[in-house]
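K.L.:
All chains, please: the whole structure from these sequences, using the hints.
Top line first, the protein sequences correspond to chains F and S.
Under the working numbering, the first residue of the first sequence carries the number 1, and numbering increases by one thereafter.
Under the working numbering, the first residue of the second sequence carries the number 1, and numbering increases by one thereafter.
Hint data in this document are derived by calculation from the structure and do not stem from the laboratory.
Certain hints may be false.
The list makes no distinction among identical chains, and a pair is therefore deemed to hold if it is satisfied within one copy or across any two copies.
Straight line, CA to CA, 27 Å or less: simulated BS3-like cross-link-like pairs of lysine-lysine [said to hold, decoys possible]:
1. 214 to 168
2. 114 to 99
3. 289 to 71
4. 269 to 83
5. 99 to 15
6. 214 to 182
7. 114 to 26
8. 182 to 165
9. 183 to 168
10. 147 to 70
11. 245 to 165
12. 211 to 227
13. 26 to 147
14. 211 to 70
15. 227 to 182
16. 211 to 147
17. 26 to 91
Protein chains: 2
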Amino acid sequence: MKSRIKKIFEFAEEKVDAIVIYNSVKPHLDKTFFYVTGLTEGVFENCGLIFYPDLSSEMIVSKLEADSAKKAENIPTKVMEDKEDLKEWLKEKLEGLDKIGINGSELTYKGFDKIKDSTDAEIIDMSDSIVEARNRKDENEIEILDKAGEIASEVAEEIPDHIEKGMKEYEVAAEISYLMKKKGATGDAFEVIAGSGPNSAEPHYTAGERKLQKGDFLVLDFGALYKRYRSDITRTFIIGEASDKQKRIYETVLEAQQAALKKIESGIKGEEIHNAAKEVIDSTEFEGKFIHGLGHSIGLSTHDGSGLSPNVDVTLEPGMVFTVEPGIYISGYGGVRIEDDIVVTEDGYEMLTDAERELKVL
Amino acid sequence: MKSRIKKIFEFAEEKVDAIVIYNSVKPHLDKTFFYVTGLTEGVFENCGLIFYPDLSSEMIVSKLEADSAKKAENIPTKVMEDKEDLKEWLKEKLEGLDKIGINGSELTYKGFDKIKDSTDAEIIDMSDSIVEARNRKDENEIEILDKAGEIASEVAEEIPDHIEKGMKEYEVAAEISYLMKKKGATGDAFEVIAGSGPNSAEPHYTAGERKLQKGDFLVLDFGALYKRYRSDITRTFIIGEASDKQKRIYETVLEAQQAALKKIESGIKGEEIHNAAKEVIDSTEFEGKFIHGLGHSIGLSTHDGSGLSPNVDVTLEPGMVFTVEPGIYISGYGGVRIEDDIVVTEDGYEMLTDAERELKVL
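P.N.:
As structure tokens, this is what we get:
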């Protein structure tokens with residue numbers, strides 16, 4: 001897609017003659033391969049792509065991806081007979097070039113070695129400009145992300161019909177994943193998190209054998225994979241009956257999310273949005289219990305390279321897509337997280353996920 | 001796990017003072033982090049691990065993984081306050097070392113840069129010895145892989161009860177994934193492939209909107225993720241009624257798989273097993289239609305670094321786990337693949353997946 005290639009080169013701080021993308025073996029694929037080709041089918045392990053400042057591109061694919069590769073428009077494609085073909089292709093394409101770019105964030109060290117062995121050109125890590133380009137989603141991407149968000153939101157709303165006390169966490173995760181796929185998700189954006197009771201205090205817990213018990217928090221964090229793009233939503237429920245403390249935790253997190261959302265507009269620093277949520281939590285008895293960044297950019301990857309966090313220097317622009325997910329985590333007791341996806345617009349932002357947020361008891 | 005660290009150093013061709021593992025952002029995590037720590041919960045983005053020839057190890061984790069990290073036995077763990085802590089930890093740990101190893105197959109170029117900036121030591125790519133170690137599964141790993149295989153096999157047997165003409169491919173994929181998760185899979189080992197009709201000729205197709213029609217081949221390729229390990233099974237069905245040509249294709253693939261399985265034993269070259277299957281196919285009217293390697297090693301990754309293929313130099317040893325998956329692909333018409341997972345033993349091999357293989361019409 002020429003407009004995407006153009007965007008990558010526009011963000012380049014250094015001029016290069018070409019950018020080479022090389023996919024290693026799953027999961028070490030470079031999402032930029034799919035960003036530029038727009039291919040939604042196929043795996044493309046050990047396949048390569050090169051694109052140029054004149055916006056042209058070429059790729060080399062293995063035989064078993066040849067059929068999938070045909071769906072890329074206007075990209076001349078060589079089909080490998082054996083792995084020597086890749087080396088030759090690289091040599092041929094890189095010959096005579098002075099400076100070539102790579103994507104150091106998604107290229108393995110071994111893949112880098114392969115490229116280095118094929119050329120005398122200077123190799124420049126262009127991962128920053130690739131991230132900048134990919135962080136500003138185009139209309140086509142936002143349409144896909146909106147659908148991915150819609151699938152996750154619908155499932156979030158249906159949870160009370162499917163989840164109840166006594167179920168095991170992994171059974172809960174199975175239901176959620178199933179509901180998403182029945183609505184057209186091609187996969188889970190990531191392993192579904194179904195953390196109950198004390199497990200809800202582990203932000204990156206997945207799901208285990210524990211049965212849902214009365215008085216549990218139940219953190220459900222999931223997203224739909226749709227045309228290679230991802231959504232990411234979290235809703236926290238209570239099993240049986242909510243205690244006063246649980247209600248206070250929940251309301252604090254919800255208030256923190258609202259405070260953050262109010263801040264979102266083009267031109268504001270990501271860190272400020274994080275701080276708006278953090279200030280709400282830190283002004284309560286739950287001070288210090290919000291232990292991660294407020295959100296991450298999302299797109300072809302769940303963590304797509306930027307974020308709303310004190311550790312990330314980003315100024316919001318239209319087309320940027322972030323999660324907004326404050327949480328309170330009390331080790332050994334439990335946790336609450338509420339997460340939605342938004343896209344920054346000219347006028348503020350739009351929600352990509354929109355399931356109800358009030359506290360629900362299952 | 002000291003026995004796994006020991007195995008990695010035993011395969012080292014060069015002596016190093018330590019091996020450093022660094023996880024980038026998902027999916028660019030190094031499975032070796034989980035191989036060595038044995039951790040089954042948590043994501044561990046931007047976290048690090050170092051291990052030494054004396055079999056000791058240490059790790060540094062972000063705050064939000066601190067709870068998950070506690071489950072690692074005997075690994076001193078530093079919890080990061082901010083990202084500067086990682087740099088300092090790397091500097092401190094690498095100071096005074098002459099040679100350090102990295103895993104070039106799973107470390108990003110950017111991660112390599114981070115390590116390089118923290119040390120004057122010579123940096124050696126130890127990915128070959130890491131692959132060699134990880135290719136020889138220990139008892140604990142085989143037990144997990146056996147369970148992952150059992151989940152997938154049970155689901156394969158139940159398919160005729162759940163799949164029928166008129167369903168869309170993605171609905172089929174949803175059913176399969178759900179059945180696996182209800183049996184305890186924490187996720188799909190990879191996106192479920194449900195390729196019907198002409199789509200069955202694309203080995204790496206996933207699933208789309210197409211409805212199952214009478215006369216279709218239906219290739220179902222899926223696996224269970226279980227305690228971070230993966231299974232991988234394929235069964236091909238016919239919708240409605242099988243033509244004579246379809247039966248011939250199916251029987252040829254089945255015969256090819258049987259021929260390959262017969263060859264499997266410790267001491268044999270992977271390529272010979274591939275050739276046994278290929279010869280069966282190439283001796284029929286379907287010559288040249290088997291377009292990929294016969295199988296890949298499987299473990300923490302679906303493609304775990306080795307394989308039964310003319311492109312891979314491997315001699316089978318007890319503990320190695322491979323898929324055995326011949327296929328015939330006729331572009332525009334359809335394809336058949338039959339795939340099982342095996343572990344090489346002292347006496348031959350054992351099946352990790354064991355669903356029935358005779359042709360079934362749905």
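K.L.:
Please name the hints from earlier in the document that this structure breaks, with their numbers sorted from lowest to highest.
P.N.:
Hints that this structure does not satisfy do not exist here, as all of them hold.
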